Amino acid sequence: MSRASLFIPLTAFVVIVALLYAGFSLNDPHQLPSALIGKPFPDFDLPALGTQDGTNLRVSKADVRGPVLVNVWATWCPTCRAEHAELLRIRDESGLRIIGVNYKDNPAQARLWLSELGNPYEFNVVDAQGTLGVDLGVYGAPESFLVDASGTIVYKRVGDVNRRVWQEEIKPHLDALAKSAAGGAPHG
Amino acid sequence: MADPRMATFALLVTLFVAPFRVAAEGAIEAFQFDDATQEARYRALTEEFRCPKCLNTNLAGSDAPIAADLRSTVHRLILEGASDQAIRDYLQARYGDFVLYDPPVRRGTLLLWVAPVLLLAIGLAMVVVLTRRRRGVEEPLNDSERARLEELLHGHSGKDAK
Chain D
1 MSRASLFIPL
11 TAFVVIVALL
21 YAGFSLNDPH
31 QLPSALIGKP
41 FPDFDLPALG
51 TQDGTNLRVS
61 KADVRGPVLV
71 NVWATWCPTC
81 RAEHAELLRI
91 RDESGLRIIG
101 VNYKDNPAQA
111 RLWLSELGNP
121 YEFNVVDAQG
131 TLGVDLGVYG
141 APESFLVDAS
151 GTIVYKRVGD
161 VNRRVWQEEI
171 KPHLDALAKS
181 AAGGAPHG
Chain W
1 MADPRMATFA
11 LLVTLFVAPF
21 RVAAEGAIEA
31 FQFDDATQEA
41 RYRALTEEFR
51 CPKCLNTNLA
61 GSDAPIAADL
71 RSTVHRLILE
81 GASDQAIRDY
91 LQARYGDFVL
101 YDPPVRRGTL
111 LLWVAPVLLL
121 AIGLAMVVVL
131 TRRRRGVEEP
141 LNDSERARLE
151 ELLHGHSGKD
161 AK
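Heads up: the protein sequence lines correspond to chains D and W, in order.
So in my numbering the end of the first sequence lands on 188, straight run, no missing numbers.
So in my numbering the end of the second sequence lands on 162, straight run, no missing numbers.
Hint data in this document are derived by calculation from the structure and do not stem from the laboratory.
A quick note: this is a predicted structure, and the numbers were derived from the prediction, not measured.
Check before you lean on any hint, since a few could be wrong.
In silico SDA-like links for lysine to any residue, alpha-carbon gap of 25 Å or less [said to hold, decoys possible]:
no.	chain 1	residue 1	chain 2	residue 2
1	D	K171	D	S94
2	D	K156	W	L55
3	W	K53	D	S94
Label-pair ranges, simulated between beta-carbon atoms [claimed, not checked]:
no.	chain 1	residue 1	chain 2	residue 2	range
4	D	R164	W	L15	37 to 43 Å
5	D	V15	W	D143	47 to 53 Å
6	W	R135	D	I16	25 to 31 Å
Chain D side only, calculated, beta carbon under 8 Å to chain W, not exhaustive [claimed, not checked]:
no.	residue
7	L32
8	S34
9	A35
10	G38
11	G130
12	V134
13	D135
14	Y139
15	G140
Glycine residues also receive a C-beta, built at the ideal position from the N, C-alpha and C atoms.
Could you build all of it, start to finish, from the sequences and the hints given here?
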């Protein structure tokens, strides 16, 4: 047996450890790669969350005009409460419009939540049955989608939107959209 | 059960079976179908898809709210007359390959499909190399060794029982 072949077990060990490290730590198995990036925002026709009872305004895909952040939230979702302040801050700092999808929630509680914590949303879609949620591939609130001017989903975040996510993920996407919009303007 | 080993065995069997019992009773909705074929398709499909919220539970076995939503989606699509493949496409378009336990062959999943064949090939190659090498080590006996072998095999046959 040659001297070099003595290192085969060590090499194999290092390779296996590297693969396991990549498999277990680099990818969060709970983060599904979104199937919807690059696809149009799904069609829907649902009631909007009124500011008071009795309003029966309906909203549809035509009302989702980008660039806009669509945020799926519910009052039963603790992480949604945690990200709420950041959504308010993003709207105030950047002027990015935010549309809420009130997902499988109690509308009365949702209105109370918005009056207590502040309302970052332009309007809220009431998705009581979770049908829009299924079309969006939502599997746990909160989830956020960045939609461009043509109504295409360009980015998805599963989990809370925090400072880091805003600065490292959402804002760069937004800047890229603004740049391509400015570049494409002369052509119409 | 006086025998502690029997008790341990019974405990192990119980622990092994328990998760399957829970999984089997996960789904509690009572859906109405037009005929038995539709119901059989519903059962087969909800067994086939993976719950997006869970890492290794199918739609039929999961208590997660999203699994209940997707079960009712499958039910609705079946009643609307969608084919099994159309339902698969519907869920895959929204939740990606994750919901399919049987991922399609493409660049990102190629390693998944090729790895077992590759590992088998490596294993076979190792067996071949190792057996060859072992055979190569054998050297013919010299005269004194051959004489000793003869002695061991035949010379002392009467003392074998010792």
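How the hints compare with the structure:
1. K171/D with S94/D: With a Cα-Cα distance of about 9 Å, the restraint between K171/D and S94/D holds, given a limit of 25 Å.
2. K156/D with L55/W: 20 Å, holds
3. K53/W with S94/D: 32 Å, violated
4. R164/D with L15/W: 37 to 43 Å: Given a distance of about 42 Å, which is inside 37 to 43 Å, the answer is holds.
5. V15/D with D143/W: 47 to 53 Å: 49 Å, holds
6. R135/W with I16/D: 25 to 31 Å: 30 Å, holds
7. L32: 5 Å, holds
8. S34: 7 Å, holds
9. A35: 4 Å, holds
10. G38: Since the shortest Cβ distance to chain W is 12 Å, the answer is violated.
11. G130: 5 Å, holds
12. V134: 6 Å, holds
13. D135: This interface hint holds because 6 Å falls under the 8 Å limit.
14. Y139: With Cβ-Cβ at 4 Å, under 8 Å, it holds.
15. G140: With a closest approach of 6 Å, the G140/D hint holds.
This entry does not satisfy hints 3 and 10, going by the numbered hints stated previously.
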